[in-house]
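Chains A and B are the protein sequences, given in the same order.
Heads up: the first sequence begins at 1 in the numbering used here, then just goes up one per residue.
Heads up: the second sequence begins at 1 in the numbering used here, then just goes up one per residue.
What the hints contain is simulated information worked out from the structure, not anything from laboratory work.
Among the clues, some could well be false.
Copies of the same chain are indistinguishable here, so a pair counts whether it falls within one copy or spans any two.
[What the hints assert, rightly or not] Subject to a maximum C-alpha distance of 27 Å in a straight line, what follows is the list of computed DSS-like cross-link-like pairs (lysine-lysine):
1. Lys351 - Lys29
2. Lys77 - Lys186
3. Lys74 - Lys186
4. Lys31 - Lys74
5. Lys186 - Lys31
6. Lys314 - Lys132
7. Lys334 - Lys90
8. Lys396 - Lys255
9. Lys186 - Lys28
10. Lys2 - Lys349
11. Lys42 - Lys186
12. Lys122 - Lys32
13. Lys372 - Lys255
14. Lys231 - Lys33
There are 2 protein chains.
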Amino acid sequence: MKSLNIPDTSLPRVVIVGCGFGGLSLAKKLKKKPFQVVMIDKHNYHTFQPLLYQVATAGLEPDSIAYPIRNIFKGQKDFYYRMAEATEIKSEEKLLCTDIGEIEYDYLIIASGSSTNYFGMKDMEEGSMPMKTVPEALNLRSLMLQNFEAASLTNDLDERERLMNFVIVGAGPTGVELAGALAELKTHVLPNDYPDLDFRRMSIHLVESGNAVLGPMSESAQKNAQKYLEKLGVNVWLDTRVEKYDGENAQTNKKSLPASTLIWAAGVKGNILNGLAENTLNRGRYIVNDFNELPNYEGIYAIGDVAAMISEEKPFGDPMLAQVAIQQGINVAKNFINITKNKSPKPFKYKDLGTMATVGRNKAVADLNGVKFKGFIGWLLWMMVHLIGLVGFRNKAIVLFNWFINYFSYDKKIRLIIRPVERKK
Amino acid sequence: MKSLNIPDTSLPRVVIVGCGFGGLSLAKKLKKKPFQVVMIDKHNYHTFQPLLYQVATAGLEPDSIAYPIRNIFKGQKDFYYRMAEATEIKSEEKLLCTDIGEIEYDYLIIASGSSTNYFGMKDMEEGSMPMKTVPEALNLRSLMLQNFEAASLTNDLDERERLMNFVIVGAGPTGVELAGALAELKTHVLPNDYPDLDFRRMSIHLVESGNAVLGPMSESAQKNAQKYLEKLGVNVWLDTRVEKYDGENAQTNKKSLPASTLIWAAGVKGNILNGLAENTLNRGRYIVNDFNELPNYEGIYAIGDVAAMISEEKPFGDPMLAQVAIQQGINVAKNFINITKNKSPKPFKYKDLGTMATVGRNKAVADLNGVKFKGFIGWLLWMMVHLIGLVGFRNKAIVLFNWFINYFSYDKKIRLIIRPVERKK
Numbered sequence: 001m002k003s004l005n006i007p008d009t010s011l012p013r014v015v016i017v018g019c020g021f022g023g024l025s026l027a028k029k030l031k032k033k034p035f036q037v038v039m040i041d042k043h044n045y046h047t048f049q050p051l052l053y054q055v056a057t058a059g060l061e062p063d064s065i066a067y068p069i070r071n072i073f074k075g076q077k078d079f080y081y082r083m084a085e086a087t088e089i090k091s092e093e094k095l096l097c098t099d100i101g102e103i104e105y106d107y108l109i110i111a112s113g114s115s116t117n118y119f120g121m122k123d124m125e126e127g128s129m130p131m132k133t134v135p136e137a138l139n140l141r142s143l144m145l146q147n148f149e150a151a152s153l154t155n156d157l158d159e160r161e162r163l164m165n166f167v168i169v170g171a172g173p174t175g176v177e178l179a180g181a182l183a184e185l186k187t188h189v190l191p192n193d194y195p196d197l198d199f200r201r202m203s204i205h206l207v208e209s210g211n212a213v214l215g216p217m218s219e220s221a222q223k224n225a226q227k228y229l230e231k232l233g234v235n236v237w238l239d240t241r242v243e244k245y246d247g248e249n250a251q252t253n254k255k256s257l258p259a260s261t262l263i264w265a266a267g268v269k270g271n272i273l274n275g276l277a278e279n280t281l282n283r284g285r286y287i288v289n290d291f292n293e294l295p296n297y298e299g300i301y302a303i304g305d306v307a308a309m310i311s312e313e314k315p316f317g318d319p320m321l322a323q324v325a326i327q328q329g330i331n332v333a334k335n336f337i338n339i340t341k342n343k344s345p346k347p348f349k350y351k352d353l354g355t356m357a358t359v360g361r362n363k364a365v366a367d368l369n370g371v372k373f374k375g376f377i378g379w380l381l382w383m384m385v386h387l388i389g390l391v392g393f394r395n396k397a398i399v400l401f402n403w404f405i406n407y408f409s410y411d412k413k414i415r416l417i418i419r420p421v422e423r424k425k
Numbered sequence: 001m002k003s004l005n006i007p008d009t010s011l012p013r014v015v016i017v018g019c020g021f022g023g024l025s026l027a028k029k030l031k032k033k034p035f036q037v038v039m040i041d042k043h044n045y046h047t048f049q050p051l052l053y054q055v056a057t058a059g060l061e062p063d064s065i066a067y068p069i070r071n072i073f074k075g076q077k078d079f080y081y082r083m084a085e086a087t088e089i090k091s092e093e094k095l096l097c098t099d100i101g102e103i104e105y106d107y108l109i110i111a112s113g114s115s116t117n118y119f120g121m122k123d124m125e126e127g128s129m130p131m132k133t134v135p136e137a138l139n140l141r142s143l144m145l146q147n148f149e150a151a152s153l154t155n156d157l158d159e160r161e162r163l164m165n166f167v168i169v170g171a172g173p174t175g176v177e178l179a180g181a182l183a184e185l186k187t188h189v190l191p192n193d194y195p196d197l198d199f200r201r202m203s204i205h206l207v208e209s210g211n212a213v214l215g216p217m218s219e220s221a222q223k224n225a226q227k228y229l230e231k232l233g234v235n236v237w238l239d240t241r242v243e244k245y246d247g248e249n250a251q252t253n254k255k256s257l258p259a260s261t262l263i264w265a266a267g268v269k270g271n272i273l274n275g276l277a278e279n280t281l282n283r284g285r286y287i288v289n290d291f292n293e294l295p296n297y298e299g300i301y302a303i304g305d306v307a308a309m310i311s312e313e314k315p316f317g318d319p320m321l322a323q324v325a326i327q328q329g330i331n332v333a334k335n336f337i338n339i340t341k342n343k344s345p346k347p348f349k350y351k352d353l354g355t356m357a358t359v360g361r362n363k364a365v366a367d368l369n370g371v372k373f374k375g376f377i378g379w380l381l382w383m384m385v386h387l388i389g390l391v392g393f394r395n396k397a398i399v400l401f402n403w404f405i406n407y408f409s410y411d412k413k414i415r416l417i418i419r420p421v422e423r424k425k
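One chain only, chain A, in its complex shape (with noise of 0.2 Å):
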């Protein structure tokens, strides 16, 4: 058995599973409180993912948006990280099973976030381009160009759209914001690149089981949304159900849409880890009680996307959102302190901040705390609060600065193929 090489020491042991927003939020409340905390990732950085769109999409490099985790906890004491997959829970003997070796626990936070739920649909799983992680992101920008430069190389006609065509399954904020932000390569960028191709032939089509994008929002801003949207030229396919997939046609209800590109973003699940009984999840997703503990396993507590803290209200728990994590994170992390204060713990209660997605440039659409915003103001709301979510000053600036050339300039310009990705079927 290999151990991960922490010292033991008097101090009760956190284990993190997960740097997103949920771990990451818990793991920096409990710097210098009587805790020694191991935060397991699998990744040695933490992403902000509601801007992987952009890094999809040539606006942004990656590095800006992933900042290293053992950067975040410079000199925090009795603070490890270890680069790791957990893989099991053995609960009795309170031991977290990783890849490279096995840790012991007092408190195991499971904060691992979701993936990419393809409900079951194999072909899907197999031809669709996700987009949870910057290697996925960085795969489905360079998956778009090389698909930009096979259709200069066609004088087939049916083929060269179909290279120039995307379909987006799901129009939540990823599907919408991802539908924009290509609409805008359309208009103003990649005609530039690729003056023998005509950008009438390319389609973006916004495919949404739902009868409105944005599912959660309110009435306006989901008409809002679909007003924007339809004015990029995006075809938003409203009641219709992407039903099989071959890598060149997507079958839906209504139509087949020819594409050599399609975006899977109609649903995540948790990713929830080997070794718990089967009746702990609901809809794959950990049951936790108002203190995000899981019933029946002491000392074992989930946040953010992998919980579930159901109720007769919330028979699917809060919103698979980054604002609940983050809150659920510090909860936690106040509970355990009080416990050391012997103060009793406190019920987690999600603060609604309200939600936004971008469409576009000057176009974007924001429900906050009952007050609505639309167009320019929502679209400068929307860049004020990512900026402010983004970790480190660095990090800030570049996006800023990024975002300032892309706008003056109707460019984006990191079109980059670093590592060009094969193509599947």
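Put chain B on the given structure of chain A with help from the hints.
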């Protein structure tokens, strides 16, 4: 036979293999001239190679030293780019073969640059890390960080030291600059990331078979550079050859150096293509006349690293430097334009603008037109020259901003393992 789908026109077609310094300057010079220009490169971007070592050492993001080729030539009429790898020249048919199809040329310019030369040492080729392309620099960055993560896991002090050690073979500009950058990471950056590791145990060995670092520079530059390196804690081994490397120990003619990472910067060779006679080569580079043309091959030219313009004074041709490639590219373009004006072509004469190398903050050496600079002034000059050389305002600004941040924070923030590399052996 697949074609590259380039329209046939009445203009003479200039096919350029490689968008490095030489190919880039040639193609730009032909803007608005009566030629059809076809650029072939397997990467869709131009790489500013002199700063690759800063990508490898977490100081710069890859996207700031690479620039998309299509963007460079935006709006240039009769210019075509194809992402392809040139494989063979069929000179009798005036045909260039690539991995995606063939193309006829009127003029063919081989500007394919150079790659790492292991001089037939198989163990070196398998065990060492090259650093000639962006993906290679990213691999080196990943491996370096992975090694420190692995060092945190072991209590075997020999293994830990090996993981923390670096051997750099070859003390040309690349080797010297890389050694200096690693030494700065050792002093200012890594001890914060890995408080458990004892950095007195980390060794950086710079191994050079000649009797001085920076061989072609002035004696005072050599002396100063070596002094800077030693001040930063780099072990400089002159008159020393690495004879064997098994992934754990580098056996030299003097001492065995334990190190999990060996970076090979000891030599390059021209990237030659198949199809031309063997006797066109001199030490792996095409022999060219004073006009960069290959004797006996009408219409075929070679420029930059892959060309050897040999003479009695210069039995090996001009040095393999960016400046030579740029000047040759411009001269060849001017000669093409001269032909269209019925003027006679001009022979190439290399104008040595000087050489420079930086070792670390405030530490650089430069020999410019007989004037020698060192220390802070040399370092400012080095930065200025490299900023000017970068393509595009965005890249210049982001590089400058990163240097600014790195300088004042004594930090290098881009310590990301985006794609882990498999440990060799």
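Which numbered hints fail: 8, 10, 12, 13, 14
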